[in-house]
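Participant: Whole structure, please, built from the sequences with the hints as guidance.
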Amino acid sequence: MPHDLISLEVVDADGAIREAADGLPGDTRGDFFKKAAVGGGSLLAGGVLFGGLPAIASAATRKSAANDVKILNYALTLEYLEAAFYNEAVGNKALSGDALAAAVIVQEHENAHVKALKKVLGHKAVKKPKFDFKDTTTNQSKFLQTATALENTGVAAYSGQAGNIHSGKVLAAAVSILTVEARHASRFNSLTGERFAPRSFDKPESMSQVLKTVTSTHFITK
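For the sequence shown, position 119 matches number 118 in numbering that gives the first Met the number 0, and the numbering has no gaps at all.
Please note: incorrect hints may appear among the correct ones.
[To be verified] Cross-link-like lysine-lysine pairs, in silico, BS3-like; alpha carbons within 27 Å at most:
no., residue 1, residue 2
1, K129, K168
2, K62, K129
3, K211, K62
4, K141, K92
5, K211, K221
6, K221, K127
7, K168, K127
8, K62, K141
9, K129, K221
10, K202, K168
[Said to hold, decoys possible] Label-pair ranges, simulated between beta-carbon atoms:
no., residue 1, residue 2, range
11, D131, A196, 29 to 35 Å
12, A100, A196, 16 to 22 Å
13, R198, T220, 30 to 36 Å
14, D134, S189, 18 to 24 Å
15, H217, H122, 38 to 44 Å
16, H217, K126, 33 to 39 Å
Hints listed in this document are in silico derivations from the structure and should not be mistaken for laboratory results. Beta carbons are placed, not taken as given, at the ideal position from N, Cα and C, and that holds for glycine.
Facilitator: Encoded structure:
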């Protein structure tokens, strides 16, 4: 289907990612973000990321297929969050007009991203966390502010990992999601009265910065 931006065959044609994933310890929890960001957003806790994934703070100097798996799981957790947010907001039927129209489109995209990333990662995909979005999915004004923040954070997160990716195919797949996330951010910027493109150059964010931002929302409960 056109919106399935990543397929296992495209991203991992030579089997390198699947082979690397087979050598990684399995993740047994779905609270990657919540428990990774201990100590004010630090990635490290005893040398490993909570949730069973090895720490990747030094990813930029250790490019490998195995590290690409970790980055893909990081991206998947972001996509879980976004997809759940839009699913709940649309399902609550509290949106109307342009906000609803945008939410329905973005909902489809985020669910497609989750599906594609899970297919690539297979049994090494991190589990979906549980969420509590409070009243951000029942109040249209709060929904728009939250959607704007989430989409702009997503753009910064993907940009921040681009230089850490080893595989050209994984990079191409990540960029195909990044550009869509940027379009989402632009639309929600406009709907909240902000400039659709607030700056000439976007600033990427490190994994620790993104983790700190996401955990500060308290949306991930378990």
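Participant: Does each hint fit the structure? Answer for all of them.
Facilitator: Evaluation of the provided hints:
1. Proposed proximity of K129 and K168 is contradicted: the alpha carbons are some 31 Å apart, above 27 Å.
2. Only pairs whose Cα atoms come within 27 Å are accepted, and K62 paired with K129 is rejected, the gap being roughly 31 Å.
3. Taken as a hint, the K211 and K62 pair is honoured in the structure, with Cα atoms around 24 Å apart against an allowance of 27 Å.
4. With a C-alpha separation of about 14 Å, the suggested pair K141 and K92 falls inside the 27 Å cut-off, and the hint holds.
5. Distance restraint check for K211 and K221: the Cα-Cα separation of roughly 16 Å lies within the 27 Å cut-off, and the hinted pair is therefore satisfied.
6. Only pairs whose Cα atoms come within 27 Å are accepted, and K221 paired with K127 is accepted, the gap being roughly 9 Å.
7. This hinted pair checks out: K168 and K127 have alpha carbons roughly 25 Å apart, not beyond 27 Å.
8. Simply put, K62 and K141 have alpha-carbon atoms about 39 Å apart, too far for the 27 Å limit, and the pair is violated.
9. As the CA atoms of K129 and K221 are separated by approximately 5 Å, the hinted pair is consistent with the 27 Å bound.
10. Under the criterion of a C-alpha separation no larger than 27 Å, the hint pairing K202 with K168 is consistent with the structure, at around 23 Å.
11. In this structure, D131 and A196 meet the distance hint of 29 to 35 Å, their C-beta atoms being roughly 32 Å apart.
12. Taking 16 to 22 Å as the suggested C-beta distance range, the pair A100 and A196 conforms, at roughly 20 Å.
13. The hint said 30 to 36 Å for the Cβ distance between R198 and T220, and at roughly 33 Å that hint holds.
14. Against the hinted window of 18 to 24 Å, the Cβ-Cβ separation of D134 and S189 comes to about 23 Å, which satisfies the hint.
15. A hinted range of 38 to 44 Å is violated for the C-beta pair H217 and H122, which are about 30 Å apart.
16. Look at H217 against K126: about 19 Å separates their beta carbons, and that is not inside 33 to 39 Å.
In this structure, the hints that do not hold are numbers 1, 2, 8, 15 and 16, in rising order.
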